[in-house]
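Student: Sequence:
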Amino acid sequence: MSAPHILAKDFEAPGLGLFEWKPLFHIGPLAVAKPIVLCLLVMIIVVAFFWAAFSKPKLVPRGWQNVGEVAYMFVRDEIGRPFLGKDSEKWMRLLIPVFFFVWIGNLMSVVPVAQFPVNSRIAFPLVLAVLIYLTFWAVGIKNQGFFGLLKNATMPPDLPWALYIIVIPIEFVSTFFIRPFTHAVRLFANMFAGHLLIALFATVGFHFLWEKVTPLGFGVGILGAVLTIVMTAFELFIQAVQAYVFTLLAAFYISAGLYSDH
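So the sequence shown is residues 40 to 301, counted in my numbering.
A portion of the hints provided could be inaccurate.
Per label pair, the in silico range of CB-to-CB distance [unchecked claim]: (1) Pro199 / Glu59: 38 to 44 Å; (2) Glu108 / Ile66: 20 to 26 Å; (3) Phe88 / Ile268: 50 to 56 Å; (4) Pro100 / Leu170: 28 to 34 Å.
Computed cross-link-like contacts, SDA-like style, restricted to lysine to any residue with a CA-CA straight-line distance of at most 20 Å [as the list claims (entries may be wrong)]: (5) Lys125 / Glu108; (6) Lys190 / Ala201; (7) Lys95 / Met112; (8) Lys97 / Ile83; (9) Lys97 / Tyr111; (10) Lys190 / Ala162; (11) Lys190 / Phe291; (12) Lys190 / Leu173; (13) Lys129 / Gly107; (14) Lys95 / Val76; (15) Lys61 / Ile84; (16) Lys129 / Leu235; (17) Lys125 / Ile143; (18) Lys95 / Val85; (19) Lys129 / Ala201; (20) Lys190 / Ser213; (21) Lys73 / Ala232; (22) Lys73 / Leu235; (23) Lys73 / Ala91; (24) Lys95 / Ile83; (25) Lys95 / Val109; (26) Lys129 / Tyr172; (27) Lys129 / Leu297; (28) Lys61 / Ala162; (29) Lys190 / Phe211; (30) Lys73 / Leu165; (31) Lys190 / Leu165.
Honestly, the hints are just simulated from the structure, not real lab data. Virtual Cβ for every residue (Gly too), placed ideally from N, Cα, C.
Work out the full structure, taking the sequences as your base and the hints as a guide.
Tutor: This is the structure in structure tokens:
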């Protein structure tokens, strides 16, 4: 019996069904499924953590305040200041919740029972991307004016005038249409693909080590189990990186609205 035949026999690879959930309960016409519950849980965790850290701040930080200050300084120094400079403090009330909502939402994929990355449902990163996009517009119009924002966003300085015929349409489409789409899809696609890969390797390991134990299948099952562990560790890294990149881009887009030289 060949290896491909063993892999195909009675084995059903995980697919899009991983991302489809039946409603747990209804609130009037609203059906509440697992992703919504996890989204609310992530929101509660973020609010509870920073409430515990800063509701009663002390001059000499201890306990949760220590952790909260480290988290705050990381987002401020590594994400806010490179683009927002002296204005970074003003935007921490947006950047901090965005970073930790995305990061903890991603981490839900490796939390027992939860086992689902919130941001693998396109609606959640899309809402965040639209929020950042609307903030960019509001800040840009306030600081540069409507036509000033259009000019600064679509006409890079110091180019030969002939090139503007090509550059302006490209920059216009990129800035005002593609930007929010790619901002959301980058996060969604990474979480979607990572969750699917881990589920695939875990299913292979379980199937050949538990359900269909054969001499050749045992080796395949061991490989599936090892790859599940490796991919989970790699996914933890990717989850943090995606939270960082998503928030970094948010800071960049806000700075593009604040400052005309971006």
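Student: Take the hints in turn and mark each one as holding or not.
Tutor: Structure-based check of each hint:
Take Pro199 and Glu59: their Cβ atoms lie about 53 Å apart, and the range 38 to 44 Å is violated. The hinted range of 20 to 26 Å is not satisfied by Glu108 and Ile66, whose Cβ atoms lie roughly 38 Å apart. Remark: the range hint 50 to 56 Å for Phe88 to Ile268 is contradicted by a beta-carbon distance near 28 Å. Between Pro100 and Leu170 the C-beta distance comes to about 30 Å, which sits within the given range of 28 to 34 Å.
Among the hinted pairs, Lys125 with Glu108 is consistent with the structure: their alpha-carbon atoms are about 18 Å apart, no more than 20 Å. Annotation: proposed proximity of Lys190 to Ala201 holds, straight-line Cα distance about 16 Å (limit 20 Å). For the given pair, Lys95 sits about 18 Å from Met112 by alpha-carbon distance, which is consistent with the 20 Å threshold. At most 20 Å may separate the alpha-carbon atoms for a hinted pair to count; Lys97 and Ile83 exceed this at roughly 23 Å.
Taken as a hint, the Lys97 and Tyr111 pair is honoured in the structure, with Cα atoms around 15 Å apart against an allowance of 20 Å. Restraint check for Lys190 and Ala162: the C-alpha separation of about 31 Å exceeds 20 Å, so the hint is violated. Restraint check: the Cα-Cα separation between Lys190 and Phe291 comes to about 18 Å, which is no more than 20 Å; the hinted pair holds. The hinted pair formed by Lys190 and Leu173 meets the criterion: a straight-line CA distance of about 18 Å does not exceed 20 Å.
Between Lys129 and Gly107 the CA atoms are separated by roughly 17 Å; this keeps the pair inside 20 Å, and the hint holds. About 29 Å separates the Cα atoms of Lys95 and Val76, which puts this hinted pair outside 20 Å; it is violated. With a C-alpha separation of about 24 Å, the suggested pairing of Lys61 with Ile84 is violated against the 20 Å cut-off. A threshold of 20 Å between alpha carbons decides the hint, and for Lys129 with Leu235 the separation of about 38 Å lies outside it, so the pair is violated.
Our distance criterion of 20 Å between C-alpha atoms is broken by Lys125 and Ile143, whose separation comes to about 28 Å. Taking the CA atoms of Lys95 and Val85, the gap is about 17 Å. The hint holds against a cut of 20 Å. A hinted pair counts as satisfied when its Cα atoms are at most 20 Å apart, and Lys129 with Ala201 does not qualify at roughly 40 Å. About 14 Å separates the Cα atoms of Lys190 and Ser213, which keeps this hinted pair within 20 Å; it holds.
With a C-alpha separation of about 19 Å, the suggested pairing of Lys73 with Ala232 holds against the 20 Å cut-off. Between Lys73 and Leu235 the alpha-carbon distance is near 17 Å, which keeps this suggested pair within the 20 Å criterion. Distance restraint check for Lys73 and Ala91: the Cα-Cα separation of roughly 26 Å exceeds the 20 Å cut-off, and the hinted pair is therefore not satisfied. Between Lys95 and Ile83 the CA atoms are separated by roughly 19 Å; this keeps the pair inside 20 Å, and the hint holds.
Between the alpha carbons of Lys95 and Val109 the distance comes to roughly 16 Å, so the proposed pair stays at or under 20 Å and holds. With a CA separation close to 18 Å, the supplied pair Lys129 and Tyr172 stays within the 20 Å bound. Of the pairs offered as hints, the one joining Lys129 and Leu297 holds, with about 12 Å between alpha carbons and a cut-off of 20 Å not exceeded. For the proposed pair Lys61 and Ala162, the alpha carbon gap of about 17 Å is at most 20 Å, so the pair holds.
Proximity of Lys190 to Phe211 is assessed by CA-CA distance (about 9 Å); at most 20 Å being required, the pair is judged to hold. Using a Cα cut-off of 20 Å, the hinted pair Lys73 and Leu165 holds, with the two alpha carbons roughly 18 Å apart. Of the supplied pair hints, the one linking Lys190 and Leu165 is violated, its CA atoms being roughly 26 Å apart against a limit of 20 Å.
In this structure, the earlier hints numbered 1, 2, 3, 8, 10, 14, 15, 16, 17, 19, 23 and 31 are contradicted, and the remaining ones agree with it.
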